[in-house]
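Each number in my numbering corresponds to the 1-based position in the sequence shown with 6 added.
One thing to keep in mind: the hints can contain errors.
Straight-line Cα separation of at most 20 Å, SDA-like style, residue types lysine to any residue; simulated pairs [said to hold, decoys possible]:
#1 Lys-74 <-> Ser-12
#2 Lys-133 <-> Met-39
#3 Lys-74 <-> Gly-57
#4 Lys-133 <-> Ser-12
Simulated from the structure, these hints should not be mistaken for laboratory data.
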Amino acid sequence: MLAYSSIGQIGYVIIGIIVGDSNGGYASMITYMLFYISMNLGTFACIVSFGLRTGTDNIRDYAGLYTKDPFLALSLALCLLSLGGLPPLAGFFGKLHLFWCGWQAGLYLLVSIGLLTSVVSIYYYLKIIKLLMTGRNQEITPHVRNYRRSPLRSNNSIELSMIVCVIASTIPGISMNPIIEIAQDTLF
7 MLAYSSIGQI
17 GYVIIGIIVG
27 DSNGGYASMI
37 TYMLFYISMN
47 LGTFACIVSF
57 GLRTGTDNIR
67 DYAGLYTKDP
77 FLALSLALCL
87 LSLGGLPPLA
97 GFFGKLHLFW
107 CGWQAGLYLL
117 VSIGLLTSVV
127 SIYYYLKIIK
137 LLMTGRNQEI
147 TPHVRNYRRS
157 PLRSNNSIEL
167 SMIVCVIAST
177 IPGISMNPII
187 EIAQDTLF
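Starting from the given sequences, assemble the full structure and let the hints guide the process.
This is the structure we're talking about:
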């Protein structure tokens, strides 16, 4: 699923490439790519962390994870919601700026397709989040039932990178203007 998501996310970046330098397309593209890297790395860190603890990477085995490890479930949910572009997360503001640059450049059809695919991706991300948050015993898989939660103070580099990426996927959305200005300054 993340492979298909990556193809769609890179499709949004093409809007910035087509817009070019005239309406800030390159700056919005760089900004979105920085956000995308943090969102995607955070998602993969959550998946790897779950896989190392359970020995599975099947998406159905995530059912009820919130009951055993709320931190991991919320981290994965935040990264997925940011990938989907829900406000006030970084993915929303990255897509907003990218789509706005495309709209100003007259790429109405391309931006409309981008908005439509964003809505479709949010639907699929919400299905996964619903799976994570279900708490009924009959839906919890044996992998989650036997799940070993790591201690709060862990030296695990995957968990540390997950925390950094989750923060990078949420906080920058609030402070978007300085990030855009830095991206524009690097181009000129």
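Taking each numbered hint in turn, which are not upheld by the structure, reported in ascending numerical order?
-> 1, 2
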